[in-house]
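Asks: One-letter residues, chain by chain:
Protein chains: 2
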Amino acid sequence: MEAMIESFSGIPAGANQSPHTLTIRFDAEVDRVVIIDQTRLPHECVEVELKTSADACHAISSMQVRGAPLIGVTAAFGVYLGLRGKDDETARSLSASVIEALAATRPTAINLRWALDKIETRLARCEKNLAEIALQAALELHAEDINACAMLGEYGAQRLQEIWEAKGERAAQAGLPAPESLNVLTHCNAGALATVDWGTALAVIYKAQARAIPLHVWVDETRPRNQGASLTCWELGQRGVPHTLIVDNAGGHLMQHGLIDCCVVGSDRTTLLGDVCNKIGTYLKALAAADNGIPFYVALPVSSIDFSLREGLTEIPIEERAAEEVSHISGLDDEGRVSRVQLAPTGTAVSNYGFDVTPARLVSGLITERGIIDADEAALTKLRDSIA
Amino acid sequence: MEAMIESFSGIPAGANQSPHTLTIRFDAEVDRVVIIDQTRLPHECVEVELKTSADACHAISSMQVRGAPLIGVTAAFGVYLGLRGKDDETARSLSASVIEALAATRPTAINLRWALDKIETRLARCEKNLAEIALQAALELHAEDINACAMLGEYGAQRLQEIWEAKGERAAQAGLPAPESLNVLTHCNAGALATVDWGTALAVIYKAQARAIPLHVWVDETRPRNQGASLTCWELGQRGVPHTLIVDNAGGHLMQHGLIDCCVVGSDRTTLLGDVCNKIGTYLKALAAADNGIPFYVALPVSSIDFSLREGLTEIPIEERAAEEVSHISGLDDEGRVSRVQLAPTGTAVSNYGFDVTPARLVSGLITERGIIDADEAALTKLRDSIA
Chain U
1 MEAMIESFSG IPAGANQSPH TLTIRFDAEV DRVVIIDQTR LPHECVEVEL KTSADACHAI
61 SSMQVRGAPL IGVTAAFGVY LGLRGKDDET ARSLSASVIE ALAATRPTAI NLRWALDKIE
121 TRLARCEKNL AEIALQAALE LHAEDINACA MLGEYGAQRL QEIWEAKGER AAQAGLPAPE
181 SLNVLTHCNA GALATVDWGT ALAVIYKAQA RAIPLHVWVD ETRPRNQGAS LTCWELGQRG
241 VPHTLIVDNA GGHLMQHGLI DCCVVGSDRT TLLGDVCNKI GTYLKALAAA DNGIPFYVAL
301 PVSSIDFSLR EGLTEIPIEE RAAEEVSHIS GLDDEGRVSR VQLAPTGTAV SNYGFDVTPA
361 RLVSGLITER GIIDADEAAL TKLRDSIA
Chain W
1001 MEAMIESFSG IPAGANQSPH TLTIRFDAEV DRVVIIDQTR LPHECVEVEL KTSADACHAI
1061 SSMQVRGAPL IGVTAAFGVY LGLRGKDDET ARSLSASVIE ALAATRPTAI NLRWALDKIE
1121 TRLARCEKNL AEIALQAALE LHAEDINACA MLGEYGAQRL QEIWEAKGER AAQAGLPAPE
1181 SLNVLTHCNA GALATVDWGT ALAVIYKAQA RAIPLHVWVD ETRPRNQGAS LTCWELGQRG
1241 VPHTLIVDNA GGHLMQHGLI DCCVVGSDRT TLLGDVCNKI GTYLKALAAA DNGIPFYVAL
1301 PVSSIDFSLR EGLTEIPIEE RAAEEVSHIS GLDDEGRVSR VQLAPTGTAV SNYGFDVTPA
1361 RLVSGLITER GIIDADEAAL TKLRDSIA
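In the order they appear, the protein sequences are chains U and W.
Under my numbering, the first residue of the first sequence is numbered 1, with each subsequent residue one higher.
Under my numbering, the first residue of the second sequence is numbered 1001, with each subsequent residue one higher.
Extracted from the complex, chain U is given alone in its bound form:
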């Protein structure tokens, strides 16, 4: 069941909802959970229905949906789909295995576990209407995610505005012309497509765009799955944000030459000490930012902080993915069809870690829906205690 989306503006804007198709949505009138199949972007924008809990598992593990916040919300709807149409006794006996299967789809993003724990707690407290309760919980997570992203975007945009104003002042003091743009580098896709709406790193961009800061975004292509080239470029193009695609190797050179003013990335899991686990390669950009005195911000909803862990490097499980993601790549061929080509010699051994950990010492600040905080134990402990 799929439908081509003709334009990326199907849904009326709510309070915090941007005027674009949501990455995942529930159509209450016909009881359908619908996602954008991100494996087909940027060449096709296709919506598919998730009909079963197994569909939700497949969507997460095959990366039709990806991004820590979106994985969490999708898993929540997956619980509902697993219990839908079952009587309460059956639903009760099924719920543990449904949740277990969803939890096993991907190991690194903490939101997955966080969302499932929330639903599990809710189900444990209730006697009846379990499917309805799971749906209600999923819808709440869905709404909360939109609001959290919109809010952290505002905090981040305020910081970008300060950086932009400081850049203008430096130019004026040096007797140089006013700068043309604020150049922000991002890695992977921490955009609307990684959440329900707005995104995390890109929420900061979109909210800064709304303040009329003249932005230009450097987009890391983000091998091996090229979420930067395929998803971030597409999303920024849809929303009219000027951007330039670069290979992952290029960011250091651009920073050395003053072509990047700030880095903003997302996070799949952040620890109590402020270590940030994000898409493989993030650490290299953080090193280059530190070496060149460039602010390096991480934008994340509080739901992606794992307060139970301290050291990111030793404690966060890093997903290893299939060799084919490195040895082969998909794109649009000369006849306009999506096809796959082999890059390396046949039989070449491949290693494919999905994430790395950026130590807190390299992070300028964590942009959350509760404000921008330092990436250190004191600030994170305070945040943890404030929401306990």
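FYI, nobody ran anything at the bench for these hints, they're computed from the structure.
C-beta: ideal position from N, C-alpha, C; glycine also.
Heads up, some of the hints might be wrong.
[Said to hold, decoys possible] For each label pair, taking beta carbons as the anchor points, the in silico distance ranges come out as:
1. G1347/W to E324/U: 44 to 54 Å
2. A1378/W to R384/U: 50 to 60 Å
3. A1174/W to E324/U: 32 to 42 Å
4. L176/U to A1174/W: 52 to 62 Å
5. C126/U to A1174/W: 20 to 30 Å
6. Q158/U to R1361/W: 32 to 42 Å
7. R1361/W to R384/U: 14 to 24 Å
8. E311/U to E1044/W: 25 to 35 Å
Let chain U serve as the given structure and place chain W on it in line with the hints.
Replies: Chain W only, in chain U's frame:
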């Protein structure tokens, strides 16, 4: 004019020549200059003849040949091809424009200018037989390159042996089992395919292999042109060196987890202060090596040092290449044909710098045919004065 090479072992081994087809060779009996067309590797190994100086220009600019040392030698043969069959008066009047066209093919590698200067000087000193003199100079450069690479390989292998022995001692002191392998990361292709034979960084590997050090090489795929995935993996496979392909994003993570013992890369141009210009992304790996206390060596023939420059970051011209190298990629399709696919949304703006500069402070040493020297002004001045 091309010929499929059936095996990679056509030519008898000379003193310093490895038992493999040379990347560029002159067949004196039939007066032919022949190269391996590297744009068709790893899926096909094809030799093509360079018949004219324009063929040599095309081979360099289209990257049928690439790698600083090989570019220099190819340009030298290009001068010969431009003068071949001409009487001396015509050859004299042509030589400046032939050299100028070859010099303009690529801006970053200094060997190109260095080789052409050598020939130009030689031609200026002679009255007659200019074509013959150009050929003789090219053949000398060809032989010198093989010898330089073999020698720097020996120096580097000695250093790897020391690192390997130290690794064993550390394990023994910690009561751990003896290590299984010495893990070396390399970026791009600084192999036999980047030179006439042996390579620079990979000469170190091959000479270490000959010492029976149990090596394992992590190969950065090296976007955008994937010289690591396509050339280094192919070359290491041909020579039986265990290796694993990774995306450029992965090296930092591997270093954080103790999976890399040493980095060895090549250089397109090195300055008097020891700054190293090499394939884009090298700087990011050097930062990660420094952050994790891992030695970072650069292997290079003295011909690639530009003693006339001091600061790499401000003085070395960095080539910008076509957007299509980033937005599109070639590989083997399902039917076994080499075909190209588009990765980014149509019309996406792309930036494509070919090289970056690693500051001397991040370089553990320069491995040259004259020994391993510090990457600093004192050592490089001494080297310069010793060869003046």
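Asks: Does each hint hold? Answer for all of them.
Replies: Hint check results:
1. Taken as a hint, the range 44 to 54 Å is violated for the pair G1347/W and E324/U, whose Cβ atoms sit roughly 28 Å apart.
2. In this structure, A1378/W and R384/U meet the distance hint of 50 to 60 Å, their C-beta atoms being roughly 53 Å apart.
3. Between A1174/W and E324/U, the C-beta spacing of about 37 Å keeps the proposed range 32 to 42 Å intact.
4. One distance hint, 52 to 62 Å for the beta-carbon pair L176/U and A1174/W, holds here, with the actual separation near 55 Å.
5. Roughly 54 Å separates the CB atoms of C126/U and A1174/W, a value that falls outside the hinted 20 to 30 Å.
6. For the pair Q158/U and R1361/W, the beta carbons lie near 36 Å from each other, so the given range of 32 to 42 Å is met.
7. In this structure the hint that R1361/W and R384/U lie 14 to 24 Å apart at CB is violated, the actual value being about 39 Å.
8. At roughly 48 Å, the beta-carbon separation of E311/U and E1044/W lies outside the given 25 to 35 Å, and the hint is violated.
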